[in-house]
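K.L.:
Sequence:
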Amino acid sequence: MGSSVISPEDVLESLMNDGTIDTLRLKIINQLKANEELKKTTITMVEQSKVLNTPGAEKQTKRELFDALRQELETPVLERASKSVWELILDNDGLGKEINETVERVFCRLSGREPPLFSPTSSGGAAEKEEKINPSSSKKRSLSEMSMDGRVDKVVDLTSNPPAMPDEVHLVPSSSAQT
1 MGSSVISPED VLESLMNDGT IDTLRLKIIN QLKANEELKK TTITMVEQSK VLNTPGAEKQ
61 TKRELFDALR QELETPVLER ASKSVWELIL DNDGLGKEIN ETVERVFCRL SGREPPLFSP
121 TSSGGAAEKE EKINPSSSKK RSLSEMSMDG RVDKVVDLTS NPPAMPDEVH LVPSSSAQT
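Residue 138 in UniProt numbering sits at position 138 of the sequence shown, and the numbers go up by one each step.
There may be inaccurate statements among the hints.
To be verified - Here are the computed distance ranges between Cβ atoms for each label pair:
{"no.": "1", "residue 1": "40", "residue 2": "94", "range": "16 to 24 Å"}
{"no.": "2", "residue 1": "5", "residue 2": "64", "range": "54 to 62 Å"}
{"no.": "3", "residue 1": "53", "residue 2": "79", "range": "19 to 27 Å"}
{"no.": "4", "residue 1": "8", "residue 2": "76", "range": "30 to 38 Å"}
{"no.": "5", "residue 1": "12", "residue 2": "91", "range": "16 to 24 Å"}
{"no.": "6", "residue 1": "49", "residue 2": "102", "range": "16 to 24 Å"}
Unchecked claim - Heads up, simulated DSSO-like pairs for lysine-lysine below, C-alpha to C-alpha not over 30 Å straight-line:
{"no.": "7", "residue 1": "40", "residue 2": "83"}
{"no.": "8", "residue 1": "62", "residue 2": "40"}
{"no.": "9", "residue 1": "40", "residue 2": "59"}
{"no.": "10", "residue 1": "97", "residue 2": "33"}
{"no.": "11", "residue 1": "50", "residue 2": "40"}
{"no.": "12", "residue 1": "62", "residue 2": "39"}
{"no.": "13", "residue 1": "50", "residue 2": "39"}
{"no.": "14", "residue 1": "40", "residue 2": "27"}
{"no.": "15", "residue 1": "33", "residue 2": "62"}
{"no.": "16", "residue 1": "33", "residue 2": "83"}
{"no.": "17", "residue 1": "39", "residue 2": "83"}
{"no.": "18", "residue 1": "27", "residue 2": "83"}
{"no.": "19", "residue 1": "27", "residue 2": "39"}
{"no.": "20", "residue 1": "39", "residue 2": "59"}
{"no.": "21", "residue 1": "83", "residue 2": "50"}
{"no.": "22", "residue 1": "97", "residue 2": "40"}
No lab work stands behind these hints, which were simulated from the structure alone. These figures come from a predicted structure and were not determined experimentally. Cβ atoms here follow ideal geometry from the backbone N, Cα and C, with glycine treated the same way.
Take the sequences, apply the hints, and build the full model.
P.N.:
Structure below.
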């Protein structure tokens, strides 16, 4: 079993089948809900909304206001939420570290290897060690770098739960998030 090639799809399937993906998704959702900066930013966007600050807005029905607000603010709010999700996923000390360790553990289990594959160095682990050996390789790009080259688009699809803070966040490939 140690000599077979384990694909990323194999690891993902295992993570999906054992409930790990659902657990990680729930942790991301809970951290998004607890993100006071995201809440404040969203509240500010609503308070500064053209829809609510247009004369006659008070005469519209709640549904009309909600629909207009959604049309005006959905994209910027989703972009901010997406950025927050990526920050969580790429965090080397929090959830991102947990994700990396979990994926490595599952890969090791499937391939018959003993974890950890990379022995941790001072504080940066294998990536830091690789960076010292070859400074141009294995460097994670920041979200802003990925956004600038067009690789990051809407990542979080919150449209399935419109009015309130979503109970579930669906991570979707950027190509299918174009709605």
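K.L.:
Are there hints from earlier that the structure breaks, and if so, what are their numbers?
P.N.:
Hint 6 contradicted; others consistent.
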